[in-house]
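K.L.:
From just these sequences and the hints, can you work out the full model?
Number of protein chains: 2
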Amino acid sequence: MKIDVALTPGTFHPVKGDGKSVIVVDVLRASTTIITALANGGEKIIPFATVEDVRESAKAYPRDRVLLCGERQSVRIPGFDLGNSPREYDDSVVQGRILLFTSTNGSQMLIKATGAAEVNIAGFVNIGSVVERLIQKKRDCVIACAGHEGGFSLEDGVCAGMIVSEARQGRTGGSIRLSDEALAAAILYEHFADDLQGMIKKSFWGEYLTRIGLGDDLPLCASVNSNDLVPVLQNGVLMKKKLDLNYG
Amino acid sequence: MKIDVALTPGTFHPVKGDGKSVIVVDVLRASTTIITALANGGEKIIPFATVEDVRESAKAYPRDRVLLCGERQSVRIPGFDLGNSPREYDDSVVQGRILLFTSTNGSQMLIKATGAAEVNIAGFVNIGSVVERLIQKKRDCVIACAGHEGGFSLEDGVCAGMIVSEARQGRTGGSIRLSDEALAAAILYEHFADDLQGMIKKSFWGEYLTRIGLGDDLPLCASVNSNDLVPVLQNGVLMKKKLDLNYG
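Sequence lines, in order, name chains A and B. Under this note's numbering, the first sequence has 127 at position 127, and the numbering climbs by one with no breaks. Under this note's numbering, the second sequence has 71 at position 71, and the numbering climbs by one with no breaks.
The hints are simulated quantities; they were obtained by calculation from the structure and are not laboratory data. Keep in mind that a hint or two might mislead.
Since copy identity is lost for identical chains, a pair holds within one copy or between any two.
Said to hold, decoys possible - Cross-link-like lysine-lysine pairs, in silico, DSS-like; alpha carbons within 25 Å at most: (1) Lys202 / Lys2; (2) Lys2 / Lys201; (3) Lys2 / Lys20; (4) Lys112 / Lys2; (5) Lys112 / Lys240.
P.N.:
Now the structure itself:
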């Protein structure tokens, strides 16, 4: 079994039909928001590349069936119901609704990953379940960091590295081979393992979110294993699935 | 003063006129080969993007004035005088010659960097002089890892991180700000600091070179401070310059 990591979108080149699974990581904040939304009763989430795609798609549903969700420049898109803060995705808001979602980095990676043998979403919040599923499925895998605007984000690299590191520890029988990038990510995680909250706060993106008044999202996004959902993208739709090793 | 690192070519976006210097890192092997060739008396090195460009350019010189140098798939290009192994660039071979050079990764980065306020080449072999120059010049800087075929190479990331780490230690007066990528690189270096030879040997590219019979290049490429040259790219030409903090 081999684990690769794409530390930036530019090194993520999924190949349809190669049998690999893809784990998309966008800690600040799409991963965390999507996992939270599904955990709080959102029926499904459909990721879109553009704001216009969301608006167009919404026309196919009764208005109260859907929520228009997402951000540009980290803030809620004009006319949308919700932005990209996990705090907005309360059960009273999302329960039973279909969420049409676009974000600058995370949704783009999900769309790029479409066609892989399996596509999951991971953040610190669901990392234990993601690792368990990875080990059980025994598929070669690429962990794709969303970063921001094509660049590297420390918190995504560290989260990818935590998946690598925990998979190696948890794996029984057979070794896990790592690419250079996967090894680098694991080293980054091990460096910050004792202070993930501090790492997120001092990261470029963490500092930026704090500056624009969204700092309260950071502790939520750094909250390891606060959730056990592993969202799976199937036919372009992210579904709510509790960890169940028999599905898929 | 700010240091950024592009861990892969995809995150290297030089902006002409922004006043930043660029340090290109291609440990295995273009950096090491170029530094060795200049140290051994090569008059100058002209990097080219393609094999055809080298052949065309050679026509402008008497045949014995130039050497056609470089690799594709790590081996010498048919009809060329030299490949990309530092062992080939002996003083008896390169003394007083003009080297027309193309490699899969390193030369492409040099060409991409053209137009920056200053472009240097670094490897482990000349890292002390590179760091000294960086600290003295006080310019914002991007360390651009060549990687391989667009992807990440561990040895380049570690070398970039060594520059960052030593610049922070050597800097007196004023702090050095780091991007997320620069911080990540420094952490990678600090992890491998005690065994750079072992790191290179176990890297993807190091293992590949060993497999194809070029393993003897690795100790040369990992030999820290075996040289004090800092090659500078000026008007598309790499010149031999000993560390002289007054030049440029």
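K.L.:
Against each hint, give a clear statement of whether it holds in the structure.
P.N.:
Hints versus structure:
| no. | hint | verdict |
| --- | --- | --- |
| 1 | Lys202 / Lys2 | between (31 Å within a copy, 16 Å between copies) |
| 2 | Lys2 / Lys201 | between (31 Å within a copy, 20 Å between copies) |
| 3 | Lys2 / Lys20 | within (9 Å within a copy, 39 Å between copies) |
| 4 | Lys112 / Lys2 | within (21 Å within a copy, 33 Å between copies) |
| 5 | Lys112 / Lys240 | within (20 Å within a copy, 45 Å between copies) |
Going down the numbered hints, you'll see the structure goes against none, and every one checks out.
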